[in-house]
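Engineer: Residue numbers (this note's numbering), protein chains in the order written: chain A, 1 to 633; chain B, 1 to 600.
Derived by calculation from the structure, the hints in this document are not laboratory data.
The calculated lysine-lysine pairs, modelled on DSS-like cross-linking and capped at a C-alpha distance of 30 Å, are:
1. B/LYS132 with A/LYS177
2. B/LYS306 with A/LYS329
3. B/LYS303 with A/LYS349
4. B/LYS303 with A/LYS347
5. A/LYS177 with B/LYS194
6. B/LYS194 with A/LYS15
7. B/LYS109 with A/LYS329
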Amino acid sequence: YCLSGHPTLPCNVLKFKSTTIMLDCGLDMTSTLNFLPLPLVQSPRLSNLPGWSLKDGNAFLDKELKECSGHVFVDSVPEFCLPEVRLRRANNLSTVDVILISNYALYDALPIHTRHTGFTAQCMPRNHQCQKAQSASLLLPSPLKDAVEVSTWRRCYTMQEVNSALSKIQLVGYSQKIELFGAVQVTPLSSGYALGSSNWIIQSHYEKVSYVSGSSLLTTHPQPMDQASLKNSDVLVLTGLTQIPTANPDGMVGEFCSNLALTVRNGGNVLVPCYPSGVIYDLLECLYQYIDSAGLSSVPLYFISPVANSSLEFSQIFAEWLCHNKQSKVYLPEPPFPHAELIQTNKLKHYPSIHGDFSNDFRQPCVVFTGHPSLRFGDVVHFMELWGKSSLNTVIFTEPDFSYLEALAPYQPLAMKCIYCPIDTRLNFIQVSKLLKEVQPLHVVCPEQYTQPPPAQSHRMDLMIDCQPPAMSYRRAEVLALPFKRRYEKIEIMPELADSLVPMEIKPGISLATVSAVLHTKDNKHLLQPPPRPAQPTSGKKRKRVSDDVPDCKVLKPLLSGSIPVEQFVQTLEKHGFSDIKVEDTAKGHIVLLQEAETLIQIEEDSTHIICDNDEMLRVRLRDLVLKFLQKF
Amino acid sequence: MPEIRVTPLGAGQDVGRSCILVSIAGKNVMLDCGMHMGFNDDRRFPDFSYITQNGRLTDFLDCVIISHFHLDHCGALPYFSEMVGYDGPIYMTHPTQAICPILLEDYRKIAVDKKGEANFFTSQMIKDCMKKVVAVHLHQTVQVDDELEIKAYYAGHVLGAAMFQIKVGSESVVYTGDYNMTPDRHLGAAWIDKCRPNLLITESTYATTIRDSKRCRERDFLKKVHETVERGGKVLIPVFALGRAQELCILLETFWERMNLKVPIYFSTGLTEKANHYYKLFIPWTNQKIRKTFVQRNMFEFKHIKAFDRAFADNPGPMVVFATPGMLHAGQSLQIFRKWAGNEKNMVIMPGYCVQGTVGHKILSGQRKLEMEGRQVLEVKMQVEYMSFSAHADAKGIMQLVGQAEPESVLLVHGEAKKMEFLKQKIEQELRVSCYMPANGETVTLPTSPSIPVGISLGLLKREMAQGLLPEAKKPRLLHGTLIMKDSNFRLVSSEQALKELGLAEHQLRFTCRVHLHDTRKEQETALRVYSHLKSVLKDHCVQHLPDGSVTVESVLLQAAAPSEDPGTKVLLVSWTYQDEELGSFLTSLLKKGLPQAPS
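Only chain B is shown next, with the shape it has when bound in the complex:
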């Protein structure tokens, strides 16, 4: 029985290091290859040795697909392709291909240069890894090989985020990556057509949340920022370089312009500046409004937002700073946080999800005394605010997507187990679709029953269709044909054609039955009586009286003959082929009962 097998190596009942192994119709595909931000040891990368035990990955995997450039989706890629060893194709969208190496390099710098880790991937490895990448367009159908094809859909989550449909023959799996069903200030909403996959693998970060309207959240955010700077406080917004940062920048930029505010807004240098540039060049991936207006005014050219310098952090007076990374686990945002944490006038706004183990997660869960490296204890007096701006679909959005794609079953990844459990029940109850949520290393097996495509000869099909149009044929009609299987080529043809093609002669099997009738009249009259009798009984059939005295019912031939010995008996020869078996057999038994007395 054909089946689809799914094994999460990461992101199974967890957020971080997304890596899902899918086997579909004999093809093996790896979806995402991320790292875990909460760990600094072996656990940060997926356990690739699970895939083949000892064999080469390239032999086993047909392709790797990366949904978007966040490190928890692509962070382990150089490690996987260069250090573990994989030479097959890696598919991602153009923006992802552009931005991914920069984030990887940044991540490498933090890990190696700052933390001094050995045995980490090098810059060269990132470059070599990116050479294996094949970029795809939205909706482009890419043939990975003769049977396996993939297609990208817009996912909205960040610039270049995509959902992927993996299809082999009539079996298909859709992997959503991270997605967002509500358009935001710079990206559109995720969209997929009614592709009816066998399995939909969806993220479930916000499985239990149903968020209030976006507008309220934005107003709230602006109010908090405004209040803080009014009373002279500093606002720190830890963000990831791409994605939320741009949305919030657009938001603040327009707000500043409207309110005519002079308080400086800074953007941490390097990455983010470059990032804005990418947005300018990948305008087609943003939302409709930006696409339409970009000729007049590119939304990503900010007037009020300036580059940040490390020295600015000590400047007196209010300011707003966007700094990377978003979970306060390293880098500039953590440095600034340390400096400002002691002052209760200041505020940190966490605009996105924080993985367990990061400083961001700790302060959000209410911890106010943090143990930093070197056994220092940092007391957090500044205000901590959490605002969900992260562009994941909420429960409503997930349900909406499942409804759009109409899958046979759903598999949840990239979420916390408890929340998944809740969503799983909801999906099973409301949508009546079976739902799975495997843990890491656990395999889900789904039996599938793919239809078998064969070629049907046009002649046969047209004949059937023409007959199907008859008004009486409301009940299902039977199509009769012969399937020729030659090598792996399957063709359905009419039986006559099959015989002809194979050079086989048809064997005609004919029956002729002698039916004795008592009738003293002449043969011709007997035949005539038989004719009128049959005509009255067989209303639906074509009964004909031929000039030579014989009678036909469809293709069954009846002939009357007079045996010499007994003039009172006539012998009726009923003759038919095997194809008319039922009719012939029926006729003989009918005639055996004799003819009704002719009306005199």
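Just chain A, with the same shape it has in the complex:
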């Protein structure tokens, strides 16, 4: 099942062996671009925008719609389009057993799921993401209390819901194997995209589904991607590729630095709208090296976010999730990220918000990192209003999630310079083909968008997934049956039973053994135990009813195989005291006649038929003789 139309913010549901697993639950925030920014202080410009009324004169909405430079915006608290709305009815989400989260950007919708579905099972993002989760939710405007459903959009969740969702989270470590109901095993693997981001392997004993989401082969700060473990997958689900396949992250970082330097040298301020974790660590590291060489070491860097401090601090203590270089620094022991030094030397300062200490320390020109990258809420709104009028200042967009033109629309006309340097280290299509070649999955499943070139550049045939067999695509609200059939299941045989088995070699290297055992199933684990000893026939007692004697037909007789060589069979018969044997040839085989006993034995290639009088003794004797020539299964 696919619940999200956005390829970078996936939300998929996988049904596998009676478990239901939700893979990521990202929140598509692009809808916020249709809203006006939420300013921290009343802005006369925004509130004086002309009202805009619908043509049918719907007065109800009048107050909320405003026009700015030819675009219409909603003037209210932003609401988000939920990934699962359409499928919610069709597919009852309360049946989801577990939610697997790949990285910090992909659990925004978590509180909504947990609230609206009575979902009670575990969710499992990576270790530190728990703290990161808190930071992300704090970013969102907090006074949104009631969850009113407006058409298909919902308002954001409250802090309380965030906490209750977080309390259901179970943290896991890389390569930790987690059993789900004994039926499947899930394992997170490093994906190399962000601190603690992961790919997931969902496997039973005979099948393996890999879920690759937001992975990166570039070496930045996190642990490199674990590719080896993805091998031998039956199905590989591929989501979260780069959103700007044409841009090279390294080049973008260079451009970012040079633009920043240029603005600051001219006495302007630089505004970087960003998330409070992730790429910012890399940007700070680059700046750390760059500002000294560019002679800008006196320019203050400000990082403003309610969670700025914890984000920076947390990044230092998760050495185990970092790449090798950073790990060895900790062994010295030194802080793994250079921003510790930036803070120590007072070059980088962080504040929970623009109120308080920040106003005292504020010095221009400066560089400000703050959120939210959509420019619709957070402290960034204030800086846009403050600096927007001067052409000396620059805003540099690094997050690829929002179209920068749309983000800027409500601020038009704008004098400040805008530079778009999207940095997206996730896999690009060339890397994907390399990865697929390496990993060799039997099938690839990916969102529809990845199987065709982007609409804007339809000639770029290289901007799509190319693999053999062709990738299976899904789109929003579509259900896709994964193309593999489960055929085997693991079962354990008790050693006592194993000892009693008698294997026969049928073909060279292949042996067979007949197994009759008692099946025990507990927690989806199967165990074969030796059968109980057959109860001794109670011969002493007189049976009162005939039906007591009726054999239990459930005791299965083995199947037979092989064929009977007539001559040897006749010899055996003679040995056992049968005389007067006559053999007749028929079209298909032979008929052996025991004239004395009025018994007829038809022997053909694949069947033997014994026809006799009602003489049980005789029949059993013949039966045993025949069986000697056959193999039992």
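Following the hints, position chain B against chain A.
Structural biologist: What follows is chain B alone, placed relative to chain A:
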């Protein structure tokens, strides 16, 4: 018969130089590689020649696992890997990997530079040895090779201490290393899930002790320190650089702050400063409280505790000094001890276990006249206090862990023989788990009976499960199938499928019996009578009368025929396949008895 063999090369009925050899399902694993602090000769390292006699260690051992960074668990590692020669993987946790080389280097310095020992490992050897280390995360399942996997659990004892589960197929061993079941001021409690190993190898340092509450001990400690400094005495606390030191520092720091005390607290330089830094960087390994508050205030940034300088020892007035090492066997703590031992106002607090042969052990056992190097005799007048802060599980904790993991048997190491004996009895009586305590070089062999995993075809399994759901099937049901063994691939399939897969044709064995019945009526009526008779007898079976006049019971076919010569006798042909053998045979004998007279 598969078995697990365990041989302690060190720490068997002893504390120190932990080194345990485990063979499980053909894999050989060495657990810890420590040195003995009580010896200065060959006995300080485990006897590695025992492992292979002459062969190469790398060929024999699949991996080495180090539980934590204490030297009695990792002190012999460079000697083992570089001087004896081992190139395979060495597993330990990240903090252990970070701190271990520093302690080794420190140990080397004391041994070589101060005591002038030759033929000891070099700094380079420590570095080369650490290159062979593979770091593991908590709960991460590491595949050492295709069959052998290991998994680390939190052990609490010191920063980065871990318990390890070693698993091959369905057989597993858990080695606890040193652990602590009660959370302390900076570390959490050891935890393991119900992994039901075949064998649990546990330490038993405090096998006989059941400690009073932690709070009492802490109050006691603070009271003693406070009293001593009040009357102007100096307090020496010999500690190991990492572990207890941090816990006691946090304790004193908060106490000093609360009481607003001005008496200086010193921390011996070098190692310990660095150590605090490690704690800051490895916050996720500490306890929950510290993890939660570290953003506001890092507990390992001490305000009242300053670095110690050698000259301070002669300063007048009270002071508290933390000095390494913890057993007073060498280094700074011993130097300070010598200086202060003569004054009865002073006090030494031993916060941890002392190995036999060390100065610490001697003064704790009441010796007041010590013979030092150079035949000097040192008279100890200062007060000697022992406070068990060392983070080993006590008897209660050990029992608790055994209960948590539910092992089939327990093996005790890292403890004194007498105490082990006591704990062994306790475990055997209370938990009814067999318990071993081998001495060094003694091998314990445990037979195991692993189940054999095979693949079962889903069709067969589902068929069985569906039938198993029937209400009548309360008695155990028999599953019938065929095991195909091809190379090392075992699959259990239904018999039909097995024949098909192997390209074998089924051979049908059929029996037809002539049963003579006296009945003058027509064939059809005979058949009808047979039908109603069988129907009344065989209530549980599916008896059918087919339109062509024949009768079936399940898949057994009965047909009535009239032989020409005798109209009074009818011949009933009963025909069945070998699979219906019992039923067919039963039917013929039943019919032989004749039909009951039809009600007229």
